[in-house]
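J.: So the chains spell out like this:
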Amino acid sequence: MTTLARRLGVYLLTAWVAITVNFLLPRMMPGNPVRILIGKIHGRVTPQMVRAIEEQFGVGLHQGLWSQYLHYWDQLFHLNLGVSIALSAPVSSVLKQTVPWTVGLIGASTVLSFLLGTFVGTYLGWRRGTVFDAVLPVATFFQAVPYFFFGTVLLLVFASHLRWFPELGAYNEALTPHWHWAFVASVLRYGQLPAITVIVSSVAGWIMGMRNMMVTTVAEDFVLMAVAKGLPKRKVVAYAARNAVLPSISNFSLAMGLLVSGALLVELVFNYPGVGDLLLTAVQNEDYPLLQGIFLVITFTVLSANLIADVVYMALDPRIRREA
Amino acid sequence: MSDSLRPAPAAADPSPNASPQPLSEGAEEPVLEIRRLSIDYGLGPGALHAVVAADLTLRRRQVLGLAGESGSGKSTLAYGATRLLREPGVVAGGEVLLNPREGAPTDLLAASERQLRAIRWSEISMVLQSALNALNPVVRIGKEFDDILRAHSRLSRKARRRRAGELLEMVGIHPSRLSDHPHQLSGGQRQRVMIALALALEPQVVIMDEPTTALDVVTQREIIEELIELRDRLGFALLFITHDLSLLIELADEIAVMYAGRIVERAPAEELYRSPRHPYTYGLLHSFPPLHGEVPPMTGIPGSPPDLASIPAGCAFHPRCPYAMDRCTRAVPALDLLEGQGRQVACFLHDGQAAVPSELALS
Chain A
904 MTTLARRLGV YLLTAWVAIT VNFLLPRMMP GNPVRILIGK IHGRVTPQMV
954 RAIEEQFGVG LHQGLWSQYL HYWDQLFHLN LGVSIALSAP VSSVLKQTVP
1004 WTVGLIGAST VLSFLLGTFV GTYLGWRRGT VFDAVLPVAT FFQAVPYFFF
1054 GTVLLLVFAS HLRWFPELGA YNEALTPHWH WAFVASVLRY GQLPAITVIV
1104 SSVAGWIMGM RNMMVTTVAE DFVLMAVAKG LPKRKVVAYA ARNAVLPSIS
1154 NFSLAMGLLV SGALLVELVF NYPGVGDLLL TAVQNEDYPL LQGIFLVITF
1204 TVLSANLIAD VVYMALDPRI RREA
Chain B
5 MSDSLRPAPA AADPSPNASP QPLSEGAEEP VLEIRRLSID YGLGPGALHA
55 VVAADLTLRR RQVLGLAGES GSGKSTLAYG ATRLLREPGV VAGGEVLLNP
105 REGAPTDLLA ASERQLRAIR WSEISMVLQS ALNALNPVVR IGKEFDDILR
155 AHSRLSRKAR RRRAGELLEM VGIHPSRLSD HPHQLSGGQR QRVMIALALA
205 LEPQVVIMDE PTTALDVVTQ REIIEELIEL RDRLGFALLF ITHDLSLLIE
255 LADEIAVMYA GRIVERAPAE ELYRSPRHPY TYGLLHSFPP LHGEVPPMTG
305 IPGSPPDLAS IPAGCAFHPR CPYAMDRCTR AVPALDLLEG QGRQVACFLH
355 DGQAAVPSEL ALS
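Here the protein sequences come in this chain order: A and B.
At position 89 of the first sequence the residue is numbered 992 (the working numbering), and the sequence of numbers has no breaks.
At position 268 of the second sequence the residue is numbered 272 (the working numbering), and the sequence of numbers has no breaks.
Rather than coming from a laboratory, the hints here were simulated on the basis of the structure.
Remember, it's a predicted structure, so these values are computed and weren't measured experimentally.
Wrong hints could be hidden among the right ones.
What the hints assert, rightly or not - Just the calculated beta-carbon pair ranges, DEER-fashion:
hint, chain 1, residue 1, chain 2, residue 2, range
1, A, Gly1032, B, Ala108, 34 to 42 angstroms
2, B, Glu229, A, Thr906, 45 to 53 angstroms
3, B, Glu229, A, Pro1150, 37 to 45 angstroms
4, A, Arg1031, B, Ala108, 31 to 39 angstroms
5, B, Glu170, A, Lys1136, 24 to 32 angstroms
6, B, Val299, A, Leu907, 51 to 59 angstroms
What the hints assert, rightly or not - One side only, chain B facing chain A, incomplete, derived with CB under 10 angstroms:
hint, residue
7, Trp125
8, His187
9, Leu189
Ideal Cβ placement from N, Cα and C applies to all residues, glycine included.
Given the sequences, and given the hints that come with them, work out the whole structure.
T.: Put into structure tokens, the structure is as follows:
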């Protein structure tokens, strides 16, 4: 497993670079960010907040950059990411409330979209040139429609007019967020429309990728041999699909990496309390501590998605394991 | 079709279920009969005729060589006969009779998917040119064996594993390689694995399409020798497709030569080598140095094989044939049996109306 160790090393290095850049950026900005921030808050500032902000950006502390850097790491290990200016709450607790919503909604829809697209693509690739190919232009059409627009249309038709789905939010506000059945059911129900938006507007990519790879793979000798061996049809398809799915796995890891940042518009349209919504708030209010926290989350999602994809890829493709 | 694995036939008795008549050399019963098989690429008037009315009989324990240049239709013939043809290949006519060890002959071209699946590999198996492409790159060698044995037998997991190990040993590879992936084996080892796979169910017919072309000559030689030994031991019939006529002369009992989709000559290997009757065969024989013995002057064949889209009228070989006559441009010679000899040739030089050039006459 030396390949895995090497990859892990690369990811750790990347994480270190990202964190260090995150530390350096506000300190390299011209002027005094603290004063700008305090100016933005219009007098709602307590002395503790000023001190917290100063500490975060290393202004007025008269500390060397190096000791600030060490302090920054120390804070990071204690999950102390500073205080959000716009929300007047610790960034870590704000993230703790929003990240699960995004990971839950966008993560689940991306996984579903990938699975659905891959299965449909496998079938279309196997039976290429039949009437089923008509699925392709339809799926591509929905891919081409901007998904925030598509989401708005869905909201208008199915939530506002037909009232099949609840309109906004992530759960019925009358329920307390807690692990009991009524709440979970409510979350699932509220999540349907945004999930459908994500799936419908992204599934075409998975279908196309898998179908095209299947068409190529089916032409390979080992698939012909599988037929010649008299293997059952499902086994022959599995021979081809197992090889054809490999590029889709790489793309899937990229998609998972974009999970947090790509969710912005869907969350806005459906007023979903996820990271996308939070990111907008942070940008609008120039809430640097919050922005930095979100960037860290995005960095770690991308890195862990890649790591997971590497592990899966290695499990699926033995040829990778020994490559230098 | 029995589901269980048949016991390996003893070395001395190659075909335990064969007919009771004593079998003498050359009189073995046919196991695969290809009759008037025609294969087109594409449909309608624009279709290319890749194989035209080919007749070929493979007898038990026989090594039948199918030779010809690239594009002569030799591989197409094999894939068409086993219904492995890919689009746009279409079998346009003919029949392919497989005589199973027991029971009535089956026409492969008329068999149902289900029948065909049962016949595949247990009666007819294949080895392709590139073993690297023919082995699934993401599964272990052991799984290749396991898939076959699982689809065609009721052996337990343990028994399947043991059988796979035996098969690998049979081709001189240590059973520990069962847990390797194809890319971890050398080219020769991969082709040996393919041969072991092909023999896994002890089929009656093994079709090999250029199995040694991708290998170096030394490995090629080793594998050919192993093949002959395995044939003697297991008693399968072998249809060996190659462009390498000199290899076939060493290996095959009988050789059929194809040109532009037609079989133009068929004769016992020794006789074909000593006295080719078709000008094309003569040309081929003088394009390859023999593996043993004196090297005759290499002359080759002028011109190049015809494009399937524009096959010359009459005998397709006439533009390249030094003996071409007027009638060769008008009519297609039939593959006729030469009188008093167990061989066939499709050439007007041998129908008694023309003077046979000395090099194509019986020596």
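J.: Decide, hint by hint, whether the structure agrees.
T.: Do the hints match the structure? See the list:
1. A:Gly1032 - B:Ala108: 34 to 42 angstroms: 36 angstroms, holds
2. B:Glu229 - A:Thr906: 45 to 53 angstroms: Violated, since Glu229 (chain B) and Thr906 (chain A) (Cβ atoms, about 40 angstroms apart) do not stay within the stated range.
3. B:Glu229 - A:Pro1150: 37 to 45 angstroms: 42 angstroms, holds
4. A:Arg1031 - B:Ala108: 31 to 39 angstroms: 37 angstroms, holds
5. B:Glu170 - A:Lys1136: 24 to 32 angstroms: 29 angstroms, holds
6. B:Val299 - A:Leu907: 51 to 59 angstroms: 57 angstroms, holds
7. Trp125: 5 angstroms, holds
8. His187: 5 angstroms, holds
9. Leu189: Leu189 (chain B) check fails; min Cβ-Cβ to chain A is 12 angstroms, beyond 10 angstroms.
Going down the numbered hints, you'll see the structure goes against 2, 9, while the others check out.
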